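Engineer: Quick mapping for you: the protein sequence lines, in order, are chains G and R. Okay, so the first sequence: first residue is 54 according to my numbering, each after it adds one. Okay, so the second sequence: first residue is 74 according to my numbering, each after it adds one.
If you're looking for bench data, these hints aren't it; they were derived computationally from the structure. It should be emphasised that the depicted structure is a prediction, and the values quoted were computed from it without experimental measurement. Among these hints, one or two may not hold up.
[What the hints assert, rightly or not] Here are the simulated BS3-like cross-link-like pairs (lysine-lysine), alpha carbons at most 27 Å apart as the crow flies:
{"id": "1", "chain 1": "R", "residue 1": "Lys220", "chain 2": "R", "residue 2": "Lys187"}
{"id": "2", "chain 1": "R", "residue 1": "Lys133", "chain 2": "G", "residue 2": "Lys192"}
{"id": "3", "chain 1": "R", "residue 1": "Lys303", "chain 2": "R", "residue 2": "Lys325"}
{"id": "4", "chain 1": "R", "residue 1": "Lys187", "chain 2": "G", "residue 2": "Lys192"}
{"id": "5", "chain 1": "R", "residue 1": "Lys133", "chain 2": "R", "residue 2": "Lys168"}
{"id": "6", "chain 1": "R", "residue 1": "Lys133", "chain 2": "R", "residue 2": "Lys303"}
Chain residues, written in single-letter form:
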Amino acid sequence: MFWDFEWTFQILPDLMRGLAVTVQATLLGYLIALVLGLAIAMVRRVPVVGTAVHAVMEFVRTTPLLVQLVFVFALAPSTVSALTVGIAVLGVHYSAYTAEVYRSGIEGVARGQWEAARALSLPASRTWGAVVLPQAIRKVIPALGNYLIAMFKDTPLLLAITVVELLAMARQVGSADFRVVEAFTVVGFLFLLVSIPSAIIIRRLERRYAAV
Amino acid sequence: MPPSDASALINFDQVVKRFGDLTVLDHLDFSVAPGERVTLIGPSGSGKTTILRLLMTLEKVTEGLIEVDGEPFSHMPRGGRMVPANEAYLRPRRKRIGMVFQQFNLFPNMTVRKNLTEAPVHVLGLSRGEANARAEELLDLVGLSDKVDAHPTQLSGGQQQRVAIARALAMRPEILLLDEVTSALDPELVAGVLDVLRTVAETTDITMLCVTHEMGFARDVSHRVLMFDKGRIAEEGTPDEIFGDPREDRTKEFLRSVLDNGH
């Protein structure tokens, strides 16, 4: 038979374990990208240091993620797991993109807001935390959400550094029994199963925040 | 006549401000006494707004010195010389000055209450309760007690500007800078804002520097009017002198053009 349902159900638990790794890598990597990207966007406003950080981030942004993964994995001490390296590299790589998103949001905050904060003598922590960032981030939530999906779709690259995520798991179980069609088809569906609801949530966020 | 330097609250000493090749303020000298209300008039680009922005430290002087209360303000002494004031030096001094902007600049992500309590709590160290009481008192003054939980975007321009005045007053400033505060408003909303400022002028001894095209208001509230032209003071005097009997042709011409525009 071309398609073996029984076998498909048998491999499902393995594939779900692969999916769990994929989701874990995505969420943790995204967390890094959200926090580090924001820090980079703020530091970029500091003279000299900001220019240096910008140059590094441009380098990260213009070299392939796959190359960065393999390179860092080769250099990392063997005590660090492949998954940890993968999450760190994914996070740093995408922080170069989220930093640009945050930057556009920060630059979109009217100059008068900064001036009002200064006229009230607000300390930098309140100017950023209570005035600028709440306005800036609100505007860029949809753009940040899109990078979550982009990142999710990039996780199969982790198999290059031996992380057994969803695609790698499918390749393992599929090639063991020479049934790659079922394995990879299920992988496709599982990716859809996660990315379609995510896309819908992001679309909702977009509608909710874009109006303001 | 301007007060002598010793009693001045604000003193500009040979202040120059340039933006690139453009000289906005040209060796400007003038003083403001404590409690004095001074209106700055003149054609656009004559440097009036820049004076307010220098005092609010939104701009830095190119040359010269600004003093507040007899102390250097634009600069600070260090190692026997004067160097541009840094943030640590400015922080305690800037608190004494408040500003109301042409475009209101309320924080749109905060309610009216938050707009009024943010700085008193985080800069002056008031408790939430004290800051709230102060906010409610000031909203009462500007006639917007019912808007305490509204967001700025739900208010008209005139209401927003009255909230912005209350926000500046919540810091209990000694000096209040008013930068064309009615210029962005629809004509029917101007009177409400000016009434609030008249009340502030009558009931407090806050020193006010006011850039405005509202000549009637300037005449009512100010002790002194300075006419600016090309970064210098072209003429100064009491409101009666400037509006009733201007000496300089530039002043006459300016007043005529403002009145012709229906202000």
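Engineer: Each hint should be assessed against the structure and marked as holding or not.
Structural biologist: Status of each hint after checking the structure:
The straight-line distance between the Cα atoms of R/Lys220 and R/Lys187 is roughly 12 Å, inside the 27 Å bound, and the hint therefore holds. This hinted pair does not check out: R/Lys133 and G/Lys192 have alpha carbons roughly 31 Å apart, beyond 27 Å. Between R/Lys303 and R/Lys325, the direct Cα distance comes to roughly 16 Å. Compliance with the 27 Å bound is thereby established for this hinted pair. Simply put, R/Lys187 and G/Lys192 have alpha-carbon atoms about 21 Å apart, close enough for the 27 Å limit, and the pair holds.
Between R/Lys133 and R/Lys168, the direct Cα distance comes to roughly 17 Å. Compliance with the 27 Å bound is thereby established for this hinted pair. A hinted pair counts as satisfied when its Cα atoms are at most 27 Å apart, and R/Lys133 with R/Lys303 qualifies at roughly 19 Å.
The earlier numbered hint that this structure contradicts is number 2, and it is the only one.
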